[in-house]
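Colleague: Model the full structure from these sequences, guided by the hints.
There are 2 protein chains.
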Amino acid sequence: MQTISPTEFKAALADIAQAVEDRINALLPTTDLAEARVFDAMRYGCLNGGKRLRPFLVMQSAALFGVNADCAIRVAAAVEMVHSYSLIHDDLPAMDDGELRRGRPTCHRQFDEATAILAGDGLLTFAFEVLADPATHEDPNIRCQLVTALAKASGGHGMVGGQMLDLIAEHETFDLGTTTRLQRMKTGEMIAYSCEAGGILGKANPPQRTALRAYAHDLGLAFQIVDDLLDVEGTAEETGKTVGRDAQAGKATFVSILGRDRARAQAEMLANQASQHLDIFDGRADMLKAVADFVVARRA
Amino acid sequence: MQTISPTEFKAALADIAQAVEDRINALLPTTDLAEARVFDAMRYGCLNGGKRLRPFLVMQSAALFGVNADCAIRVAAAVEMVHSYSLIHDDLPAMDDGELRRGRPTCHRQFDEATAILAGDGLLTFAFEVLADPATHEDPNIRCQLVTALAKASGGHGMVGGQMLDLIAEHETFDLGTTTRLQRMKTGEMIAYSCEAGGILGKANPPQRTALRAYAHDLGLAFQIVDDLLDVEGTAEETGKTVGRDAQAGKATFVSILGRDRARAQAEMLANQASQHLDIFDGRADMLKAVADFVVARRA
Chain E
1 MQTISPTEFK
11 AALADIAQAV
21 EDRINALLPT
31 TDLAEARVFD
41 AMRYGCLNGG
51 KRLRPFLVMQ
61 SAALFGVNAD
71 CAIRVAAAVE
81 MVHSYSLIHD
91 DLPAMDDGEL
101 RRGRPTCHRQ
111 FDEATAILAG
121 DGLLTFAFEV
131 LADPATHEDP
141 NIRCQLVTAL
151 AKASGGHGMV
161 GGQMLDLIAE
171 HETFDLGTTT
181 RLQRMKTGEM
191 IAYSCEAGGI
201 LGKANPPQRT
211 ALRAYAHDLG
221 LAFQIVDDLL
231 DVEGTAEETG
241 KTVGRDAQAG
251 KATFVSILGR
261 DRARAQAEML
271 ANQASQHLDI
281 FDGRADMLKA
291 VADFVVARRA
Chain W
1 MQTISPTEFK
11 AALADIAQAV
21 EDRINALLPT
31 TDLAEARVFD
41 AMRYGCLNGG
51 KRLRPFLVMQ
61 SAALFGVNAD
71 CAIRVAAAVE
81 MVHSYSLIHD
91 DLPAMDDGEL
101 RRGRPTCHRQ
111 FDEATAILAG
121 DGLLTFAFEV
131 LADPATHEDP
141 NIRCQLVTAL
151 AKASGGHGMV
161 GGQMLDLIAE
171 HETFDLGTTT
181 RLQRMKTGEM
191 IAYSCEAGGI
201 LGKANPPQRT
211 ALRAYAHDLG
221 LAFQIVDDLL
231 DVEGTAEETG
241 KTVGRDAQAG
251 KATFVSILGR
261 DRARAQAEML
271 ANQASQHLDI
281 FDGRADMLKA
291 VADFVVARRA
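Residue numbers (full-length UniProt numbering), protein chains in the order written: chain E, 1 to 300; chain W, 1 to 300.
To be clear, the hints were calculated from the coordinates, so they are not data collected in a lab.
Watch out, some of these pointers could steer you wrong.
Because identical chains share one entry, a pair is satisfied inside a single copy or across any pair of copies.
Dumping the calculated EDC-like pairs for lysine to aspartate or glutamate here, alpha-carbon to alpha-carbon at most 20 Å [said to hold, decoys possible]:
1) LYS10 to ASP231
2) LYS203 to ASP139
3) LYS152 to ASP32
4) LYS152 to ASP40
Quantities reported herein were computed from a predicted structural model and do not represent experimental measurements.
Modeller: This is how it looks when you write it as structure tokens:
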């Protein structure tokens, strides 16, 4: 039974989005030296954008364990840097060749291709620097766990591997199993990391970690199904990015395989299931449960 | 006074090159899943190549403190992964558009541009995973220090910033001061990290760390001056990469600013100075001193 109203949820999401924006702004360096251009591009690609859903998951999963918000927000900022790097590189001409991202020109259109490649590289690198810093957690073991889990979620077996599959999907037709695996790697692993990070910071016990992982798994899949639906049903104005690209590229998506009605029903089922995994946290997980509702209801 | 002959030095270099090759081969995953292509490109870009100078510096600086070679070689492998990622991205059409690297087609020519971008991303990410792993060192504080220092050396204030300056140098004419800073960031910081890593693993005291840093600083600059000389004097057959690109691009280099004779004299002076910084280690640093001679005498 949900106790968070949509209004309350949106206010909480906006609060954390602002807090993570402020923290990224403070963390990301500026300089008046000749190389300023790469920092400008890093800031352009990472600031002023997005729902900040992954930072929200970090903050709310950390809050389950009473983690100091000032530590958790550093992890939230690092996650958003990695997410932003992936968007910058995915938008490159050699990849998805995106024009619009978060309602603005993509990084390589605003700067140039070389600068966008370097800005992505710089954001990825800086995220690890932020995590390994003693300010993130006093216990170096926790910091190492955060680094390890982020590297696994974003590397070849995670996001990078998922993006490779996505490129291959332009030439090969994947079945539902491979499409599910593609999406789990490309999107799901970083959503899972966002929830796992709270558990690492909070020294969660094994059943708690399992519950968070199961929640994140179902949430990530629901999120991606809705993304596919928005690519078909949404407008660039609503979503802030180019739409209709998957169909144009002839890519297998949840929608092309299942059809719109079954895809939406599947997303709703997964969102409900995601919430149920969190029942072991009693009322403390209501905000995370509200995320599941939001993910299915969103228009962007 | 040097006690290592060129023959001994080359044998030691080849031994460590083989050991790091074997370790990278064991660390870098292979898979028969659909995303195998990105792992193939990661392996292509990182295996079978180069002098492995940076891994040699890691191993020899670690040996100064009696560090377990099985730990040090993991750091050496991580350094080489980051170096290889930087070469893959630098060679991209949007950057230096290289055709040849280590005597073979560059990664994006062997695979394709999108795969090369992802392979670089994957190698950078995996390097941090390797460093944060308990197998690298039992003390998580040491592992965090390794992660932090690598992120600083390779990020916007280090290698990525240096590459940004290098791109700007195609349009702007830099003076000797900015050219020196460019090279320190682009090449020097990772050479410095290779030496610093040995000190971190070996819990070096402050004077030892200062000596290693001063050595690496002078060595890195000497290395880059010789690189510039080889770009003018060398052949693609010798160097295994396209030569004459700097002059063609009209870039300011040490050679274009100082002229060949003064550039070579400067490299030799820096190499001598580099060796002298290591006098505090007595005879234990002879192999690192030999690196300085090698760097100036090399033809590739």
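Colleague: It remains to establish, for every hint, whether it holds in the given structure.
Modeller: To see whether the hints hold, each was checked on the structure:
Taking CA atoms no more than 20 Å apart as the test, LYS10 paired with ASP231 passes in neither setting, with 23 Å inside one copy and 58 Å between copies. For the identical chains of this complex, LYS203 and ASP139 are neighbours both inside a copy (11 Å) and across copies (19 Å), given an alpha-carbon limit of 20 Å. Taking CA atoms no more than 20 Å apart as the test, LYS152 paired with ASP32 passes between copies only; the shortest distance there is 18 Å, against 35 Å inside one copy. With identical chains, the CA atoms of LYS152 and ASP40 are at most 20 Å apart between copies only, with a shortest distance of 18 Å across copies and 28 Å within one.
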